[in-house]
Every structure is written in structure tokens, then in C-alpha cells.
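Engineer: Protein chains in written order, with this note's numbering: chain A, 76 to 317; chain B, 76 to 317.
Check each hint, because a few of them may be wrong.
It does not matter which identical chain is meant; a pair holds if it fits inside one copy or across any two.
Distance condition first, Cα-Cα at most 30 Å in a straight line; then the derived DSSO-like pairs of lysine-lysine [stated by the list, open to error]:
hint	residue 1	residue 2
1	LYS214	LYS91
2	LYS241	LYS106
3	LYS91	LYS161
4	LYS83	LYS167
What the hints contain is simulated information worked out from the structure, not anything from laboratory work.
Number of protein chains: 2
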Amino acid sequence: MLSKNQIKLISSLQQKKHRFANQLFFAEGVKVIQELVKSNFELEHLYTTNEDFTDIASNKRSVISENELNKISALSTPNTCLALFKIPLESKIIESGLVVALDSIRDPGNLGTILRLCDWFGIHQLICSKETVDIYNPKVVQATMGSIARVNVNYIDLDAFLKKTKLPVFGTFMDSENIYKTTLPQEGIIVMGNEANGISENIEKLITKRLTIPRFGDLQITESLNVATATAIILSEFRRQN
Amino acid sequence: MLSKNQIKLISSLQQKKHRFANQLFFAEGVKVIQELVKSNFELEHLYTTNEDFTDIASNKRSVISENELNKISALSTPNTCLALFKIPLESKIIESGLVVALDSIRDPGNLGTILRLCDWFGIHQLICSKETVDIYNPKVVQATMGSIARVNVNYIDLDAFLKKTKLPVFGTFMDSENIYKTTLPQEGIIVMGNEANGISENIEKLITKRLTIPRFGDLQITESLNVATATAIILSEFRRQN
């Protein structure tokens, strides 16, 4: 049985200010919750409509009705379980190897997909500008499919960070060097820009190596690639070469 | 001023059966509508809240209020315009060069993103199994960003088609040949499978060349890539080599 206060708390966590105030976020579905439980995320409480997760201590696990789950879920078709986790402290930035940096990514689905790509391509560090959508947004957590547990994510002043880094800084633009014909290093920061505006002006000045994903279709068209698919192509090419 | 019947008709087009019965679909936003208008799509009627598209004949253009647009829009934040188009007859399948074939893709966003990728990589033919989400679904039309006008799309019995084709048939699986180390041809059909289940059993039997996108992260994890990002990587690699 869920109290009104619990419903109110969990629903409020759909908003960033309440996640921040309570230092809590939630995840839904067996797979994502399992990934978070077995990683370093500290479980606050699990709510489930059936007999799963019986290995979780009884004071941290409640069986609720489907109707109750509907009230706390952020999904249009709720799964069978929802879990609250503590937001961990940010770890130190791993400033080596390949690092992906996001300049104002606003769409939760894009951030989740990019995190999943980092995980696939063995990238351990994702850096987000302060304007980037919150990684603990329920839609992001859902889209990451559990990879949120395996990639280090930091929100920082991207401009200040790029000014100081000794790593090469890559960015993609429409008319630069063909990525397929460029020798790519094993270390570097790959900056991906905002969905509508691309890489912002002040960040563009800090790019040390400009790349282009060539277009093979009608060259009259100026439409760009979606940021998540562009990230997929760039990471694939860096890893193929190294 | 919109009549009740017009509102009812346009709203009904969010469902496939009504699109099919009326042979109409709709698109929203200046950019997508412009792309469709300048291509071969036949405009049925344009509804706009402002002074754009003044080059369209007055009997095909109505200025409506924002309130009216809200009633017919499929978007949570409506744009400034919505246009009805006739669903064109399917063209003959272009069975040469690179062709992408979808085996039961269900998510509209994924289909839209894949169509946009086809456009970017100069792929002129997209083949969809009958179970794949309808290309004229408003969410697909929106996600294509206009590239729906530049890629030929056919819905067919995929199994029967692949049994007859003379082109090599590619599919990606978890443990096959590393795509980066495979010499890829300029012609072939690239099959992408369903979001949850991958390529179906009967289609898998018709794959003549099995490929794998190698995972560089923790190899214990069995999580796969999202189908749209996997398509991005595969098309990028085919085009890089050719």
C-alpha cells in the first residue's frame, strides 16, 4: 500500500528540482533496475506488482497494485516495477582515452542513446555541459537501458574544462575534414552539439580538430544527421581505427 | 475556420486504417511541409496560423487559429502549420545498389531516423515488412525531417522478396564476422531486425552474409545497440568502403 506522501514524492521526482532536493531518482522495469542494483547505485526502495526481486531486503521492497504503479510511473504503459535510488556523488573526471562531451543536448532520448553508445564503444567518461538534460530524468534513465551504471557522467562548465584540457578536442561540422580519411587518435574529447544549433560559438573556438561525416545523398540538401546517429558513426570510426 | 468534419477527418488520420481509407496523411511544420510540397507529394490542403506558404493556391490553403491547430495537431507543442497530402502509389522497387530492409520495426521514431539515414547515405530504396510501422504515421513523418520525399519506400512480403532477390543479403548478429574487417560490396540488401527480437527466424535463414558490430565495452554485457544507431554504423561502414 502506497501512502499519499510516497506517491507525491515519487511523482515529484519527474522534475529535476525535486530530484536535486531529495537526491533521489527512479528507474522502471526489471532490466534497468537489475543493472542499477548490481552496480554501485544505492537502492532506496523497490515497488513491484509481482514476485520479482525477492532477494531485496523486505524493508526496501513493497508489493503494490497495478493501479498504484500507474500513479507513480512516468511511462504511458507502466512496467511491473519501479525503484528509487540515491543520486550518487559525481566521481572525478577520467581525462584519458576517448571522452564524449555534450554541448547542450536537450532531448532525453538522445542523451540516453548516446550513453548507451558510450557503453557499447567502451567509453568510460561522458561530460555534459550544465545546459544538457539531466541524466536522472526518468526518460533518460529508461533510454540508457542500464548503461547509466557503466559510464561516468559529470556536469561541468564545458567551456572552462575544454580551455584547460591537454587532450585534442574534436567536433563535427558540415565542411571540414572527411572523418573516413583522417587518422584518428586513441585519446581525445569528442564534442557533440545541440540538436537545433549544433556546437555553440564559444565551444567551437576550442575545437582543435574539425571533422565531417560526408553526405552521400543529394548534396543540395542541408539537413544534418540526428545527434545520436552522428555520435554512433563517429565513435564507430574512432574505434575501427584503434 | 475549420468545420467539425474537417477536424474529425484530420484527427482520424492519426490511425492507419483511416489513412488507408482516405488515402491521406498529414505533416506538420514549415520544413517538412516544404520538402513534401517541392517533391512529388500532392497537396490536398494546407492549414496555417500565419502568413507562410502564400504561393499555395487559395483554394488549397486556409488560415486557422492556434486553437484550431491544437485540435488537429498530433504534436504536444503544435507548430504553425499542418498539411494534408495524398498517399502516393508505391513505385516499383529499385533492386540495385544498397537497399535497406526492415523486419518488423515498430517504433515510429526509429523508422523516421532510419529513413533520414538512408537519405544521408544516398540509399534510394527502403523495404519494409508488412509488420513494420506505417511510414505515414504522423510520428514517422515528423522524425524523417522531409527525407520521406527522397527515399522510395515499399511495404512487401519480405520473406518472399528475399527468397527471390539476386543481391547478397546482410544481417547483423552478436557473434559473426567483424564488419570493420569484412570487404563490403557496393550492392546488397541490409536487413535490420525488430527492436526487441532482432531479425526473425524465417528471415535469418535468408541472410547470406552475417556481420557483427564489435562491442568495445564490457564484453559480459549482452545488451544490443538501438536499431537506428546500429543502422547508422552499418551504413557508414558500407559507404566508407565504397
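Engineer: So, for every hint listed, does it hold in this structure?
Structural biologist: Consistency of the hints with the structure:
In this assembly of identical chains, LYS214 and LYS91 lie within 30 Å of each other by CA distance both inside one copy and across copies; the values are 12 Å within and 27 Å between. Neither within a single protomer nor between protomers do LYS241 and LYS106 lie at most 30 Å apart by alpha-carbon distance, with minima of 38 Å and 41 Å respectively. Proximity of LYS91 to LYS161 under the C-alpha cut-off of 30 Å is restricted to the intra-copy arrangement: shortest distance 14 Å within a copy versus 43 Å between copies. When the C-alpha separation of LYS83 and LYS167 is checked against a cutoff of 30 Å, the pair qualifies neither within a copy, at 33 Å, nor between copies, at 56 Å.
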